[in-house]
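There are 2 protein chains.
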Amino acid sequence: MSKKLDRLCINTIKLLAAEAVQKANSGHPGMPMGAATMAYVLWTKFLKHNPKNPSWLNRDRFILSAGHGSMLLYSLLHLTGYDVSLDEIKNFRQWGSITPGHPEYGLTPGIETTTGPLGQGFANGVGMAIAQKFLAQKFNRSKFKLINHFIYAIVSDGDLMEGISHESASLAGHLRLGNIIYLYDDNKISIEGSTELAFTESVDKRFKAYGWQVQRINGDDIEELEETIRIAQKNVFRPSLIIARTHIANGSPNKHDSAEAHGSPLGEGEIKLIKKAFDWPDETPFYIPGEALEHFREAVKVGMEVETEWNLLFERYRSKFPELAGEFEDFFSRRLPDGWKETLPSFSTQDKPIATRAASGKTLNTIAEKVKNLIGGSADLAPSNNTNIKSEGDFKFQSYSSRNMHFGVREHGMGSILNGMAAYGGVIPYGGTFLVFSDYMRPAIRLAALMELPVIFIFTHDSIGLGEDGPTHQPVEHLAALRAIPGLTVIRPADAAETVEAWVYAVENKNGPVALVLTRQNLPILDRGSHVPANILEKGAYVLWQPDEKKLDILLIATGSEVHLCCEAAKILKEKGVNTRVVSMPALNLFEKQPEEYRESVLPSQVKRRIVVEAGCSFGWHKYAGNDGVIISIDRFGASAPAEILFGKFGFTAQNIVEKALSIL
Amino acid sequence: MSKKLDRLCINTIKLLAAEAVQKANSGHPGMPMGAATMAYVLWTKFLKHNPKNPSWLNRDRFILSAGHGSMLLYSLLHLTGYDVSLDEIKNFRQWGSITPGHPEYGLTPGIETTTGPLGQGFANGVGMAIAQKFLAQKFNRSKFKLINHFIYAIVSDGDLMEGISHESASLAGHLRLGNIIYLYDDNKISIEGSTELAFTESVDKRFKAYGWQVQRINGDDIEELEETIRIAQKNVFRPSLIIARTHIANGSPNKHDSAEAHGSPLGEGEIKLIKKAFDWPDETPFYIPGEALEHFREAVKVGMEVETEWNLLFERYRSKFPELAGEFEDFFSRRLPDGWKETLPSFSTQDKPIATRAASGKTLNTIAEKVKNLIGGSADLAPSNNTNIKSEGDFKFQSYSSRNMHFGVREHGMGSILNGMAAYGGVIPYGGTFLVFSDYMRPAIRLAALMELPVIFIFTHDSIGLGEDGPTHQPVEHLAALRAIPGLTVIRPADAAETVEAWVYAVENKNGPVALVLTRQNLPILDRGSHVPANILEKGAYVLWQPDEKKLDILLIATGSEVHLCCEAAKILKEKGVNTRVVSMPALNLFEKQPEEYRESVLPSQVKRRIVVEAGCSFGWHKYAGNDGVIISIDRFGASAPAEILFGKFGFTAQNIVEKALSIL
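These protein sequence lines map, in sequence, to chains L and Z. Residues in the first sequence are numbered from 1237 upward in steps of one, following the numbering used here. Residues in the second sequence are numbered from 1237 upward in steps of one, following the numbering used here.
Honestly, I wouldn't trust all of these hints.
[Said to hold, decoys possible] Part of the chain Z face toward chain L, derived, beta carbon under 7 angstroms:
| no. | residue |
| --- | --- |
| 1 | S1262 |
| 2 | L1354 |
| 3 | R1442 |
| 4 | I1721 |
| 5 | Y1834 |
It is worth saying that the hints were derived from the structure and are not from the lab. For glycine and all other residues, C-beta sits at the position ideal for the given N, C-alpha and C.
Bound conformation, chain L alone (with noise of 0.2 angstroms):
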């Protein structure tokens, strides 16, 4: 390879980006520009993959955790050959592109995972090395390396300000995960300036203190750059960081290691200095030497290769291992074992109470006995939300193959490893915590959400009902707050039969993530009667019961806790004379999803005496509860004391609901 090749491929990807960005009049050129030598390096010298087949599963993972670079990537994936046209780079971020301003996964062939909020790519990168770790300890067998493979990353100053890159980084030293090589684009600016005003802490140090290899290296020596990624690959029982020293707008005659190249265009002037600084053949926007394309695009060529390669493998593979060639491609699509179902618990009235955080635990059990690939933990309340798989090990180093993992105290990071797993693929991945704890995974919850993905997020203790623990740990505002994700399906099931179906609904869920949120106290199982299907959870709420079919005179809709509150109260409501209308609501977007004629089947517009029960805030609930309605909510913080203490003081009581419908009589 001639140097001289090198450096027209490096100003190719330079110039497309500043071009883009330029055309655009909107966008980030700095960073492409300081990171085009490495990502060149990386992409045409290492990385294993087929652009033709985006989802070629050995393919080398690829995370642009910098993800406002975006145009960078876009290059790339132009210029080796993925399914982005030229007019797309030149429709970047426009309405309709492919080619938006953060790399969306699931939009654009290629990107694997969806970045911009900072450490997001970084956690989700630690996420795809564990769900590799564990299906590569599964399936590869000696001379069979089917998932053999890296995850590569570039990653920025703002990545490792960010804390959920400590939470990613210290498990992902602590797991060894060698799989893993990231790349520091270290060019020292920040959008306030100088990395110096706020970010002076020795990366070095700080990731070794991890257990990570590190290396550092001048980002703009393709020599040095080679070398550290060979070293990097070589260290199987580490994670690598190279520290590559780069300059922001690298090229770029008067905005080279500016402050003012990282979110705003260089200028039609600028873009000229360029041109005439690398010697540019041809003034045209967007020209792409022939020599240099041509060169990228052996990638094409090499992807189909490698690809075919392991196709035949993988046919060897099932010839000598039938059963477990068939279980990867279960896995790989998803596809749930025959009779998976059959052995979920039932929950009858005659069961004595059990908190649904006991139900689901129950229910994990068996699915996880017949569906080998639910993986997940807790950060670090596994024994209080029941998310211990018994039958399994530990998740950790040289047993990757075990299920239960340990995430540490570590929510955020989770969440974007729970997001990494399940963009991998092969995996259905799980994590609990409290309910009140989702505050600090939400970024990772929004863009599990934002990406469509089947996360199942498992969060206890889910009111005041959790007692004494006090105001800091009881959520009130968190289910209205989850509510208000698009995407995000929240489940709030009224007792352990909902349960089962609530877990039934989130395993079978492919796309979009699901949150099963469950009470720390005892729930009696409720009388459903006969006419009530037992796959009714999926409509998001249904009718529960009601003494007399023709006569209406109240509703009481709730979800979870409450629910049973109002059956008592309705019964009270009875032998007053009054026909009342239990309806739990355990999930509202599935609701919303229905026809028009079943909402109103459940929820009779002409019907506006209502009341909601839910120990949460009231926000929210106003669409359902109408302006003649009643909330009885929370709209204040908790308190510490036993929760059936809170739970009278707080008005959550069959006696109080059956006073308030009476008031409204």
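Position chain Z against the provided structure of chain L, taking the given hints into account.
What follows is chain Z alone, placed relative to chain L:
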């Protein structure tokens, strides 16, 4: 001091904690027992405080970041003479007590900040240290060290696993906050078991990488504790971490070093065994040996003496520096200088359109000229958030009296640091980021609300109006999610004039946080007519425009950048003979606080034809739209394109509002 008395005192702490947890049948006995020795050494040999005046300004601050060990703190408060009676200890975790499950700021004398959600206390302490440095450099004079103390904390493995500890520790090291001395309760036990399950990083090397001084000791050795704390005190240019190897439930024959002791009572039998092991003189529950109590209570006399001495110092200071002394008192009483509002910018319909973030920047700058304790910055988005005070320098090592803070890309750390600054007092702290990244700092926002701290959050780029950066950066559900937090005032001004008022509200407000939600894009200055008073914003919503006072066909309700669209629509509707009222509703919670009469005058209940317009999700708006209303909102994620295009595509145009209005008339 006899070693015997030391041990008696330490054992008194341990037993009080264990017995209170036992009586409550709920709580965490292990941590207080393991950390009792270091707490004892710190509180009796170092801590400068006056139990009879917990708000004495020059006290050392003590934070129990491991808030689940609250009984350790309550024991110390009771024993050293704070107004926390033994009955309160006996009422641990009960309704109405001042000894809730986790320490709560504002509820219990001597509690400096609310802890429990892990990592928060750690970061709050960094905020306190920053406030101290600012005030010390501003007010201290040679021989007059008015502000001269330490920020102590006990932190746990959980605190150090959380990302926020990384963010705030890195910043503390960068700023060289030598006033910080944290004791790390390194007991090697977390809820799931040994910390070896998930947490094997070298904390020592990690904190050295941040620029901290790190010492390692035996946490049960009184002499080592004394020596290391003394060394830490002397190191004035580096924050200190003392890694103290401790043992959970130290002193409990059967629960020593056991994860079981983390969150469950030890059992009556075990407490008997502990008493036996301690050779305890009296079996009576909550027995406190007189000798121990006497020793602890010396804090009362010493505390009164040191405060008296300081008061004399302050009187001498006042004679010598009367102006400074006045300013000092104003700062701590949050008295605003006379005439601070006189120079506020004013905007009229003649002015060019201006983004509310830009109007915010102008307003902040004029206020900061007068209000000299307004201090803050941004999480590396100052040029976009307009949070810089132009006449000020950077807050940094040896320039601690400057007011422009650089938090780095550390939103969560920023939030909790602001909380710590507000809890310290003397300053009015603010911090900015994009609205979408409020998710990163949500636990801190919640705690500001729970503690009722007057922190100002500046959230810019508040909708799809952000444009090309795309859905990762476009808030959709964030307004709803923030409005759901009890006690948080969310203000989304409609134009520059409302922005000025919003700032006035935020600066005058003494209780609870305020979030200012601001546009990226320019907005016209609205014609509010002469009948709308200047301070109308504090009512939360008001009638902005209505051509005919008597007749009212339809209500248009909007916030922020959608208000001017409603005004345009109303004018078009007027021409069609439809009499429309436009209501600007910048702050829902302030509106809810108004008398029924005012609310009815703005939103008359008999007017059912209503359209709500907000470039965010509809969640929460049905309360105002009513059963028959229409909501123009975004109930999906955004997209990457120029802002004007997005507003058109998503239906945020006067034309669409007109059409919707005509359709319901």
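Evaluation of the provided hints:
1. A cut of 7 angstroms between beta carbons decides the hint on S1262 of chain Z: the least distance to chain L is about 4 angstroms, and the hint holds.
2. Using the Cβ-Cβ criterion of 7 angstroms, the hint placing L1354 of chain Z at the interface with chain L is satisfied: the shortest such distance is roughly 5 angstroms.
3. The beta carbon of R1442 of chain Z is positioned within 7 angstroms of a beta carbon in chain L (closest approach about 4 angstroms), and the interface hint is therefore held.
4. Of the supplied interface hints, the one on I1721 of chain Z holds, with its beta-carbon coming within about 5 angstroms of a beta-carbon of chain L, less than 7 angstroms.
5. Interface hint status for Y1834 of chain Z: violated, as the beta-carbon distance to the closest one in chain L is roughly 19 angstroms, over 7 angstroms.
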